[in-house]
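Engineer: Listed here are the chains, written in short residue letters.
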Amino acid sequence: EAGVAQSPRYKIIEKRQSVAFWCNPISGHATLYWYQQILGQGPKLLIQFQNNGVVDDSQLPKDRFSAERLKGVDSTLKIQPAKLEDSAVYLCASSLGPGATTGELFFGEGSRLTVL
Amino acid sequence: AQSVTQPDIHITVSEGASLELRCNYSYGATPYLFWYVQSPGQGLQLLLKYFSGDTLVQGIKGFEAEFKRSQSSFNLRKPSVHWSDAAEYFCAVGAGENSTLTFGKGTMLLVSP
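Chains Y and D, in that order, give the protein sequences.
For the numbering used here, count along the first sequence from 1 and bump the result up by 93.
For the numbering used here, count along the second sequence from 1 and bump the result up by 79.
Incorrect hints may appear among the rest.
Stated by the list, open to error - DSSO-like mimics (lysine-lysine), calculated; alpha carbons at most 27 Å apart, straight line:
(1) Y:Lys171 / D:Lys184
(2) Y:Lys137 / D:Lys140
(3) Y:Lys155 / D:Lys184
(4) Y:Lys155 / Y:Lys137
(5) Y:Lys176 / D:Lys184
(6) Y:Lys171 / Y:Lys104
(7) Y:Lys137 / D:Lys128
(8) D:Lys184 / Y:Lys104
(9) Y:Lys137 / D:Lys147
(10) Y:Lys137 / Y:Lys176
(11) Y:Lys137 / Y:Lys164
(12) Y:Lys176 / D:Lys147
(13) D:Lys128 / D:Lys140
Bear in mind the hints are in silico, worked out from the structure with no lab data behind them.
Isolated chain Y, as found in the complex (with noise of 0.2 Å):
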């Protein structure tokens, strides 16, 4: 079974610059997440979907980042314009469940951004 796949892997960027990052998760997972890792510290949630439909965008600095799931599937996470704070792994997982707790999250393997 095909994992959980995120591209770039890696980017470097200017600040004030854009980045768009995207996610394709596991065949039939209803929910995708995207998650920031900055380093040294714990995964962060910044945006759960539910199909098509946002669930919890509560962490997600709307004034800079934004995210769509169109379809239901493939998901973009995008950044304009960066910060160098923005310098994080960006981690998408998906779950069959509708809720973090009722399902197994799987984790990509992330995209790592770095803004100079």
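Starting from the structure of chain Y, add chain D where the hints point.
Structural biologist: Below, chain D alone, put in the same frame as chain Y:
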């Protein structure tokens, strides 16, 4: 809101020795508790989880964890560590069914020969 504390940033264990990684949580009701492992350059993988019932739960790769309500703890254990266990370990808590997870800051496990 729920929170998780992993007191140890790094732990070094000799290969073949036993391991215990500490996790303390803060949540008013019975939490949903998880341990995930992250190998270098990889995503997180679920080791085990606790929802209810037997407070000693078995996971993959020979790991187990014990839920102790009186101590608000969910420590991860393994009787004999292998070099391949070197990785970062994250404890996470959920506030209820269908809730999101809050992760701790992680404990980096180093295994010495």
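Engineer: State the violated hints by number, sorted upward, taking the hints as numbered earlier in the document.
Structural biologist: Of the numbered hints given earlier, the structure breaks just one, which is hint 12.
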